[in-house]
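Chemist: Sequence:
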Amino acid sequence: MNIESKWLEDFLALAEVRNFSLAAEKRNVTQPAFSRRIKALEQTVGAELVDRSKTPVALTPSGRLFRMTARTLINQMMDGVGQLSDLSKLGGNNVRVAAAHSLATSLVPSIQSELLAGKHKPVLSVEAIDVDEAIEELQEGGCDLLLAFDDELLRLPPYQSLQIGQAELLPVCACDSAGKPLYRITSNKEVPWLAYSPSSYMGRQVEAIRDQVNLQPVFLSSMTDLLKSLVLQGLGVAWLPDYAIKHELESGKVAIVGDDALRLPIAYYAYRYQARLHPAGEQVWQALRLHAEK
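Heads up: the sequence shown runs through residues 1 to 294, numbered per the UniProt record's numbering.
Some hints here could point you the wrong way.
List of simulated lysine-lysine pairs, DSS-like, C-alpha gap at most 25 Å [said to hold, decoys possible]:
#1 K246 <-> K121
#2 K294 <-> K253
#3 K26 <-> K6
#4 K253 <-> K189
#5 K253 <-> K180
#6 K246 <-> K294
#7 K26 <-> K39
#8 K180 <-> K246
#9 K54 <-> K39
#10 K119 <-> K253
#11 K6 <-> K39
Restraint-style ranges between C-beta atoms, simulated for each label pair [said to hold, decoys possible]:
#12 Q163 <-> K121: 24 to 34 Å
#13 D260 <-> A178: 20 to 30 Å
#14 A178 <-> L226: 53 to 63 Å
#15 S229 <-> E136: 23 to 33 Å
#16 K26 <-> K246: 39 to 49 Å
FYI, nobody ran anything at the bench for these hints, they're computed from the structure. Every residue, glycine too, gets a C-beta built ideally from N, C-alpha and C.
Please construct the entire structure, taking both the sequences and the accompanying hints into account.
Modeler: The following block contains the structure:
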């Protein structure tokens, strides 16, 4: 099989912009030449990679899987050239991570040193996005690793998964100067609710106990840090993951309100395709595995 590296770069450009004209312009070739190169790649791998019937064009299931393979091959080539010429290996060691907002801001910094321990010196490129968007990013082959919450689909082939931790969504509010909660959750009085967007993962978890509480939504967001900020301002009650409010609970800035039945268990995972990653990506995956086993 003879695959030219420029074909791989062409395909990655097309996978990113989803438009033949824009991708050709990005690769500095004419559109007809660009289209021929994509077709040649498809013929060489023996699979249709691009669904041209859609606007914008979409990757086929084979194309989504091959996107990961193409990026891995390009990274390996860059890594090899970098070693031979003593150039920077940033490109070859770059590990693209899509992560749910709260995991990106709370989990990644806490395990950063563990992820970087090893010979390949990976450079993490972390994009914090909505959970559902992050899942789509992995499914589309747009990242090497995904840090997100429990998803049954991603625990089946062609994906691999690691449960790297457990947490709880806790109903919390700010405290007054005496350290007492500003609000109480009762059945007979509405409480201002700083809610996750109903379509978000966290929102769906809270929805499961919605009929047990008397809440009045006053703000919606899919971002944990934003809801946390409003909680600290005393604007209402929110369900926040325990890892995101550890210091605030210890210092008495916030308090848990409501009974234990309102505490919602959640698990978070690392996901990837089964296809082998480039060396730096495999090193990060193994570090996550060791972290999960602690």
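Chemist: So which of those numbered hints doesn't the model satisfy?
Modeler: 1, 2, 10 and 14
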